[in-house]
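Undergrad: The lines below spell out each chain.
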Amino acid sequence: MREYELVIVGGGPAGMAAALSAREHGINDILLLERDRCLGGILNQCIHPGFGITYYKEILTGPEYAERFIKGIHAAPEIDVRLQAFVVDLNKEKIMTVLRPGSMERIKAKALIMATGCRERTREMAHIAGTRPSGIYPAGLAQKMINMEGWLPGNEVVVVGSGDIGLIMARRFSLEGAMVKGVVEIKPTCSGLIRNVVQCLEDFNIPLYLGHKIARICGHDRVERVTVVRVNDDLNEIPGSAFDITCDTVLLSAGLIPENELIEMAGVKIDKNTNTPISDEVNTTSIPGLFVCGNAFKVYDVVDWVTKDSEEAGIQAALYIKRNP
Amino acid sequence: MNTRMICTECPKGCALSVTVHDGRVISVRGNECNRGVHFAHQEIENPKRLLTSTVCAEGLSVRMVPVRTDRPIPKDKLQEGMALIHTLRIKDPVNIGEVIVTRFLDLDVNLISTRSVK
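Quick note, the sequences are listed as chains Y and H, same order.
Note that our numbering numbers the first sequence so that position 227 is 229, with each residue one more than the last.
Note that our numbering numbers the second sequence so that position 44 is 55, with each residue one more than the last.
So that you can see chain Y by itself, here it is in the shape it has in the complex (with noise of 0.2 Å):
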C-alpha cells in the first residue's frame, strides 16, 4: 500500500489551494484525487465574471480563476494528480479505496485533506407537491448542461429559490434565447446577492416573486405549468392567492449540502442539521490529522474566501505531518 504524507480529496479550487499551500509550506510528497477528467471543479461551469475580486484584485470568470491554480499545479513536480479517481471508503487510519478507470488502489495519508465540495438539494428535499414529469433540474445541474455539454434543457423556464446559481442560470437561459417566466422566492427578501438580482433578472425583466411558493408542478411526460400561492408570516399558503405559470422547465436554487459522507463513515463527528463537521477550528476534525477545507467545511457565498481558508488547511497539515514524522 502506497503512502502519501499527504493525500487531498478534490481538484476544485479548495484542493488545489490547499496543495499549493502545503508544497509552499515544505511538503514535498502530495497526492490530489479528482474525479472528474480534468481540475478545477464547479469552477469549470461558471462562465460569468465576479472571481478573483480580493484574492486578485481582478474581476476573472471562474475558467480564469481556476487556470490560474491549475497552472500552478502543472508546475509543481511535488504534487502527483490522478485525474477520474474516486474514493469509495476511507477509515479512521486515513486509508482509502480509490478506484479509477481499469483499477481499484488502497492509498493510505499521513494527513488528509478532503475538498469534496457540495452537493445541490434536490427537489423531494425541497418538498414541492405535484407531479414528477420531466423537466425538474437542481440549477448547478442545468448550468453543466448549457455551459460544459452545449444542451438547452427547457424553453420556458421557471425559478424556484432565489439563491445566486438560480439568479444566474435565470440570465444565462434568458441570453440563450429561453423565456425565463419569474423567480419565485418563499422568503419575504431573495437570498442571492443583490448585483445578481440587478444584472440576472432586471436587466433582463424577470419577475421576482418574494413571499410566494411552488404550490404544485403540473405535467404528465413534462413540466406542463406550476401552480404559485402567496405564503404569510408563517410561510403558509394564503388561501385565494393561487395562479398558474405555465413553462416545461423548473429549476430548483434551493441550497447546498455540504458532501461528506466518507469523512463520516471513517468516524469524524457529524452536524446533521448542516452535515459539516462538528469542530471548534476552521479545517478541523474530531480526528487529528483529518481536515475539510471549502464548501465541505462550510457552504461560502465567494471563492476568494475558499481559497484564503484552504491555504491555511495547507498550512495546518503541513504542522501536523512535521509534528507526527
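No wet-lab data here; the hints were simulated from the structure.
Just a few of them, taken from the derived set where beta-carbon distance is under 8 Å, the chain H residues facing chain Y:
{"#": "1", "residue": "Ile17"}
{"#": "2", "residue": "Thr19"}
{"#": "3", "residue": "Cys21"}
{"#": "4", "residue": "Arg74"}
{"#": "5", "residue": "Arg79"}
{"#": "6", "residue": "Leu89"}
Quantities reported herein were computed from a predicted structural model and do not represent experimental measurements.
C-beta: ideal position from N, C-alpha, C; glycine also.
Position chain H relative to chain Y; hints supplied.
TA: Okay, now just chain H, sitting in the frame of chain Y:
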C-alpha cells in the same frame, strides 16, 4: 435629480446614491471604492455589461469553450452578441485569453477564450 442604484462591479453590491443633472452624473455617494464612481457614470450615460457565454468546440477535448468580451459592451447589444456567438465554431486548440473574434459586433472589443482547451 437623485437616483439610487446597486453597483454590480463586485459581489459587495454597494447601494449608490447618484445625483444626475441633464443626463450627466454630478456626484456619487455610498460607494466603497472608486469602481462605484465609474459604474454610476457608465450606468447613467451608457449602460454596459460584460458578456460571457460559450462557443461550440469541434474535435477538441471539451464540447464548449467558455468565452467573454474583453470589455463590457452596451447592454442593448447583448442579444445581438449572443446571435453571433451561436454561429461560431472553434476547431483548433486555444489558449486562455486568445482572441476568438476581433472587433466583436464592430465594437472596440474582442471576444476572448476564458479557458485553455486542447
